[in-house]
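Participant: So the sequences go chain by chain: A and B. Here the first sequence stands for residues 1 to 484, where the numbers follow this note's numbering. Here the second sequence stands for residues 1 to 484, where the numbers follow this note's numbering.
Hints may contain errors.
For chains that are exact copies, the list does not tell them apart, and a pair is met inside one copy or across any two.
Quick list of in silico lysine to aspartate or glutamate cross-link-like pairs, DMTMM-like style, CA-CA up to 25 Å [to be verified]:
1) K343 x D255
2) K293 x E321
3) K154 x E83
4) K293 x E61
5) K68 x E57
6) K365 x E377
7) K331 x D138
8) K68 x D35
9) K154 x D29
10) K33 x E377
11) K343 x E256
Everything labelled a hint here was simulated from the structure, so no lab data went into it.
Number of protein chains: 2
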Amino acid sequence: MQPRRFAWVEKVLKEITPKSSDFSQWYVDVIRKADMVDYAPMKGFMVMKPYSYRIWEFIQEQMDRRFKATGHQNAYFPLLIPEHLLAQEEEHIEGFSAEVAWVTMGGNEQLAERLAIRPTSETIIGAMYAQWIHSYRDLPVLINQWANVLRWEKATRPFLRTTEFLWQEGHTVHRTADEALAETLQQLEIYREVIEEYLAVPVIAGVKSAGERFAGAVDTYTLEALMGDGRALQSATSHFLGQHFSKAFQIQYLDEDGELKYGWTSSWGSSTRLIGAVIMVHGDDKGLRLPPKIAPIQVVIVPIGKGAEREAVVAHAKALEAQLANAFRVKLDDRDEFTPGYKFNDWEMRGVPLRVELGPKDLAKQQVVLARRDTGEKLSVSESQLVETVQHLLDAIQSELFRQALEFRESHTMSVESYQEMAQNGYRGFFRGDWCGSETCADHLKAETGMTIRCLPFNEEPVTGHCIVCGQTSRYRALFARAY
Amino acid sequence: MQPRRFAWVEKVLKEITPKSSDFSQWYVDVIRKADMVDYAPMKGFMVMKPYSYRIWEFIQEQMDRRFKATGHQNAYFPLLIPEHLLAQEEEHIEGFSAEVAWVTMGGNEQLAERLAIRPTSETIIGAMYAQWIHSYRDLPVLINQWANVLRWEKATRPFLRTTEFLWQEGHTVHRTADEALAETLQQLEIYREVIEEYLAVPVIAGVKSAGERFAGAVDTYTLEALMGDGRALQSATSHFLGQHFSKAFQIQYLDEDGELKYGWTSSWGSSTRLIGAVIMVHGDDKGLRLPPKIAPIQVVIVPIGKGAEREAVVAHAKALEAQLANAFRVKLDDRDEFTPGYKFNDWEMRGVPLRVELGPKDLAKQQVVLARRDTGEKLSVSESQLVETVQHLLDAIQSELFRQALEFRESHTMSVESYQEMAQNGYRGFFRGDWCGSETCADHLKAETGMTIRCLPFNEEPVTGHCIVCGQTSRYRALFARAY
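Only chain A is shown next, with the shape it has when bound in the complex (with noise of 0.2 Å):
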């Protein structure tokens, strides 16, 4: 069969807009195309398609492991929470209560109560914790929830705002402000390690400042990553929420001395939002560039030619193909309704970080082209070195993700003495630079400029003694960027 819906689906794949002009269509583009989301008919809401929630079962799978091996245990706590209940911690209702969904009819009948569907999870299982808890020996209670969450945004964008996404969130309760706080410090660890080790995603590690602080933590610590726009996304955050949740939920413990005490608690999360840095870090102007560890598929085969000598080609794909697939995640590409020219657009925009060529002087050979996403390089390999190459290949691909997104967030970083000099850059990337540690000051940057402190980045100190913005004695080392 001849190739018929070359010419037209050529076009269409390269109807990207390339990543530098216009970074935010360009993002648009590349996941309708790479197949990654579709918008569904309610306007804020998506749909993970196969190859977007492929990735997120990947990163399901890691978060989950090191969750649990750290004394973790799944739960699920109902979607639905009475108006009384949200509103029982004040500065978290405060924070949410704009953007809340509310059920009111059940049935065919109105509700007594309206119940919001949850924007997150600490008052409902604050309530149930209250119950659970009674002495210093049900401590700690160590349970994570993998769910659904909604909330009500006026500008949303697939993957990193939508109304409804998916996550995790952990809650824990401790005897003491120091587990807890402990806790709370080893979440955002196994975070980075997944962030940085699996989606090959660098990110700063830091406390947040009050004003960008969870509604009701005492205090949340955050990991902050650049985009290929120079804009920060917060990736993952975990809170120590002190004891304002237990002392609003009256989770309480007999301790050993017999005294009743109020728990220590912590919350800690990570969502479907991943994907979305996955995306805007590595992606290209031809599409999407996938790290080998989370890529659905890791290895595409194309295999060249034409008649009767395709058919030889495509019986030793597939041959191919079983071998690899005892080590990889493997897809043989032998539809032949499209041109090989065609199919390495298509698998280029998706991302798949490596490709097997196969043609008929190939064949002869006994060798194969790899083909490497990342880099563009191709190389010629015997086919008996098939399997340790591609392994190889897969880890090196891997490593100069991060290395390129490592160097690309350096070369967008630079220190700052006035908050005037970021405008150098159009007020791209990251910005380091004093604060005295004034809300008025990060509010005022804020309406000046868009730029928000990401974070007070770990074991870092002021270097010029004075704020960027007023001028005066600074307190802290900040890291500012305009955020998603």
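Following the hints, position chain B against chain A.
Facilitator: Chain B in isolation, oriented as in the chain A frame:
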């Protein structure tokens, strides 16, 4: 430290209603005492605690592996469905309208159209498929979703019927009716395999009569299990939807012959209700009995001894735990505030299949005592034989639970020639009888006795030639029971 909570805790543990005297109360007692669930503050909602959620994870793992092995991919569709979409397939909305929870406010605004929380996703998925499918080359579409759904139920019961529950729902589109039907039956067989081989729950497969079909289906296939009180539980269903949804949602494809045709669809689901089946089929007056393959803890080690002796025993028990942990899910219960007797009861309540008892005398003889939860049998085993004996016993327990359940079902199944005979057993158990095929008879039977047609089992033909209700010519052999 002395076992200070001993007295009242032992009492609490014994406060389970016997299964034989009040099955319904026994069920509720067991799930609370075994730490499976808690009631949420909103009527009809439950919290799945870690112990039951872990069972769900094992079920998910087995189902998901088989779905993927048969070519399905997971995806994620929106929680909320606009009212007009939900109403697009007539029978479907008729079946579900009374059970829907409605979102009418988002943020602080009244919505122009109210949104249903999905009771099932045929409609929203159908609307998306209509956009995704163009050509016969796009078929089959084989997608599954793991999700929460809501049905506003009046009478609820943990796991069996709750307002919110977790499930998976598969939704597929095919080129021909035969393919869609083959898919429907293939998925039913996957359910059967997991339910019988992992949950050790025997099921009867068949097709639903018209009155018991899924709203919008051409045919609903089902697996029916018999619970310990003689009532049936519909354990999983698989629906051949014909072209009902493809016509309602315009799921069309251009066939190879150039004609535009409607696809043939299927949907199939299984839920956390399966955990209820495990409890009701295997549980006894001491609590749960969990099949080893899905038991969160397969082996519990209880050290016995006091004072200095105890220390040596616990140290040795830790070594055994480490050894067993390589092959099994094992837990050492070295809590010092409880007696061994309390612990025995506690783990029996939680249904742990195998208990290892280790005392000073066992230590001296380099042996342990193994106690089976299913039969109560105890045996002494040399430590050198421990791992293989445990493996052997877990396999034996898995088989024995299935055997007992099957025996119970067979001894609670009777053939009847007239429906009045069902009264003999107080309408408990499965009844096989001929049916004329008229819904009037089915309705009459239900109204008078509460018995429903659970299914028309595969490969069974009418036996007596006359309907057990009206006495007219029978067309089917049916399975009757009162059902959850």
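Participant: Hint compliance check: list the failing hint numbers for this structure, sorted ascending.
Facilitator: Of the numbered hints given earlier, the structure breaks none, since each of them holds.
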